[in-house]
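Student: Given next are the chains, with one letter for each unit.
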Amino acid sequence: EPEVTQTPSHQVTQMGQEVILRCVPISNHLYFYWYRQILGQKVEFLVSFYNNEISEKSEIFDDQFSVERPDGSNFTLKIRSTKLEDSAMYFCASTLRGDGYTFGSGTRLTVV
Amino acid sequence: AQKVTQAQTEISVVEKEDVTLDCVYETRDTTYYLFWYKQPPSGELVFLIRRNSFDEQNEISGRYSWNFQKSTSSFNFTITASQVVDSAVYFCALSETPGANNLFFGTGTRLTVIP
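Those sequence lines, one after another, are chains A and B. Heads up: the first sequence begins at 20 in our numbering, then just goes up one per residue. Heads up: the second sequence begins at 3 in our numbering, then just goes up one per residue.
It should be emphasised that the hints constitute simulated quantities derived from the structure, not laboratory data. Given the structure is predicted, the values throughout are model-derived calculations rather than measurements. Ideal Cβ placement from N, Cα and C applies to all residues, glycine included. Check before you lean on any hint, since a few could be wrong.
Unchecked claim - Taking lysine-lysine pairs in the BS3-like style, the calculated list, with each CA pair at most 27 Å apart, reads: (1) B:Lys5 to B:Lys72; (2) A:Lys61 to B:Lys72; (3) A:Lys61 to B:Lys40; (4) A:Lys97 to A:Lys61; (5) A:Lys76 to A:Lys61; (6) A:Lys102 to A:Lys61; (7) B:Lys40 to B:Lys72; (8) B:Lys40 to B:Lys5; (9) A:Lys61 to B:Lys5; (10) B:Lys40 to A:Lys76; (11) B:Lys40 to B:Lys18; (12) A:Lys102 to A:Lys76; (13) A:Lys76 to B:Lys5.
Unchecked claim - Pair ranges (Cβ atoms, derived): (14) B:Ala9 to A:Pro21: 31 to 37 Å; (15) B:Tyr66 to A:Ile39: 36 to 42 Å; (16) A:Gly59 to B:Leu50: 19 to 25 Å; (17) A:Thr95 to B:Thr82: 40 to 46 Å; (18) A:Arg99 to B:Tyr66: 39 to 45 Å; (19) A:Thr95 to B:Ile62: 39 to 45 Å.
Construct all of the structure, not just a fragment, from the sequences and the given hints.
Tutor: Structural data, given as structure tokens:
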């Protein structure tokens with residue numbers, strides 16, 4: 020069964036450093052998403068991406084965040100200057116047309 | 003705006019008991035999708051079911067069943083004869099249509115099945 024792949028599975032970074040989280044969505048999917056889950060809390064929407072541009076973003080997705088689809092397979096989330104409160108599990112997801120969303124296994128980001 | 007409420011924060015049951023996880027949603031759209039996801043201790047999100055707003059038929063899949071009632075805006079999930087492997091956090095989620103809109107998640111219910 021096709022999978023969404025996320026790397027790395029765990030990243031530790033110092034406050035103020037830039038991090039890039041990587042995702043390889045399912046190849047024929049058209050819509051891509053990043054979600055965040057702070058430990059013990061609910062899964063929160065960050066941003067959606069379609070046709071090579073952001074289609075929607077939440078208030079969490081401020082100027083510190085950016086997304087890119089640099090080639091035909093990768094989908095990245097960049098945090099420019101990490102803060103302690105950015106520590107969370109970050110999930111990538113993709114869908115063909117919105118009737119089913121496949122999630123990656125997540126990247127646990129720890130900011131120290 | 004959409005909202006998903008999972009009022010049960012934590013539930014504990016003894017193995018082989020049945021358990022129902024509640025989900026109540028709010029949306030202004032007439033067409034939408036509802037989902038349940040399981041998050042085991044390992045952390046990934048596992049898709050369980052999708053239901054569109056026009057299909058109120060209840061669904062059964064093995065020990066899992068779902069009761070969708072538009073009249074009460076509820077989409078409840080029942081596990082029959084629970085097992086220890088069912089221990090996880092379960093999330094209900096809503097996606098408004100048309101288009102592939104983002105999923106809006108409830109706060110989750112942590113289910114612990116005691117052997």
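Student: Determine for every hint whether it applies to the structure shown.
Tutor: Hints, one by one, checked against the model:
1. For the suggested pair Lys5 of chain B and Lys72 of chain B, the alpha carbons sit about 15 Å apart, so the restraint of at most 27 Å is met.
2. Of the supplied pair hints, the one linking Lys61 of chain A and Lys72 of chain B holds, its CA atoms being roughly 24 Å apart against a limit of 27 Å.
3. For the proposed pair Lys61 of chain A and Lys40 of chain B, the alpha carbon gap of about 12 Å is at most 27 Å, so the pair holds.
4. A hinted pair counts as satisfied when its Cα atoms are at most 27 Å apart, and Lys97 of chain A with Lys61 of chain A qualifies at roughly 21 Å.
5. The hinted pair formed by Lys76 of chain A and Lys61 of chain A meets the criterion: a straight-line CA distance of about 17 Å does not exceed 27 Å.
6. Simply put, Lys102 of chain A and Lys61 of chain A have alpha-carbon atoms about 20 Å apart, close enough for the 27 Å limit, and the pair holds.
7. A C-alpha spacing of about 23 Å is found between Lys40 of chain B and Lys72 of chain B, which places the hinted pair at or below 27 Å, so the restraint holds.
8. At roughly 19 Å between alpha-carbon atoms, Lys40 of chain B and Lys5 of chain B fall within 27 Å of each other, so this suggested pair holds.
9. Pair hint Lys61 of chain A plus Lys5 of chain B holds up; C-alpha atoms about 13 Å apart against a cutoff of 27 Å.
10. For a cut-off of 27 Å, the pair hint linking Lys40 of chain B to Lys76 of chain A stands: about 25 Å separates their Cα positions.
11. Pair hint Lys40 of chain B plus Lys18 of chain B holds up; C-alpha atoms about 19 Å apart against a cutoff of 27 Å.
12. As the CA atoms of Lys102 of chain A and Lys76 of chain A are separated by approximately 19 Å, the hinted pair is consistent with the 27 Å bound.
13. Note on Lys76 of chain A and Lys5 of chain B: the hinted pairing holds, with a Cα-Cα distance of about 17 Å set against a maximum of 27 Å.
14. Between Ala9 of chain B and Pro21 of chain A, the C-beta spacing of about 35 Å keeps the proposed range 31 to 37 Å intact.
15. Roughly 38 Å separates the CB atoms of Tyr66 of chain B and Ile39 of chain A, a value that falls within the hinted 36 to 42 Å.
16. Checked against the hint of 19 to 25 Å, the C-beta distance between Gly59 of chain A and Leu50 of chain B comes to roughly 21 Å, which is consistent with it.
17. Taking 40 to 46 Å as the suggested C-beta distance range, the pair Thr95 of chain A and Thr82 of chain B conforms, at roughly 42 Å.
18. Here the CB-CB span from Arg99 of chain A to Tyr66 of chain B is close to 42 Å, well matched to the stated 39 to 45 Å.
19. Take Thr95 of chain A and Ile62 of chain B: their Cβ atoms lie about 40 Å apart, and the range 39 to 45 Å holds.
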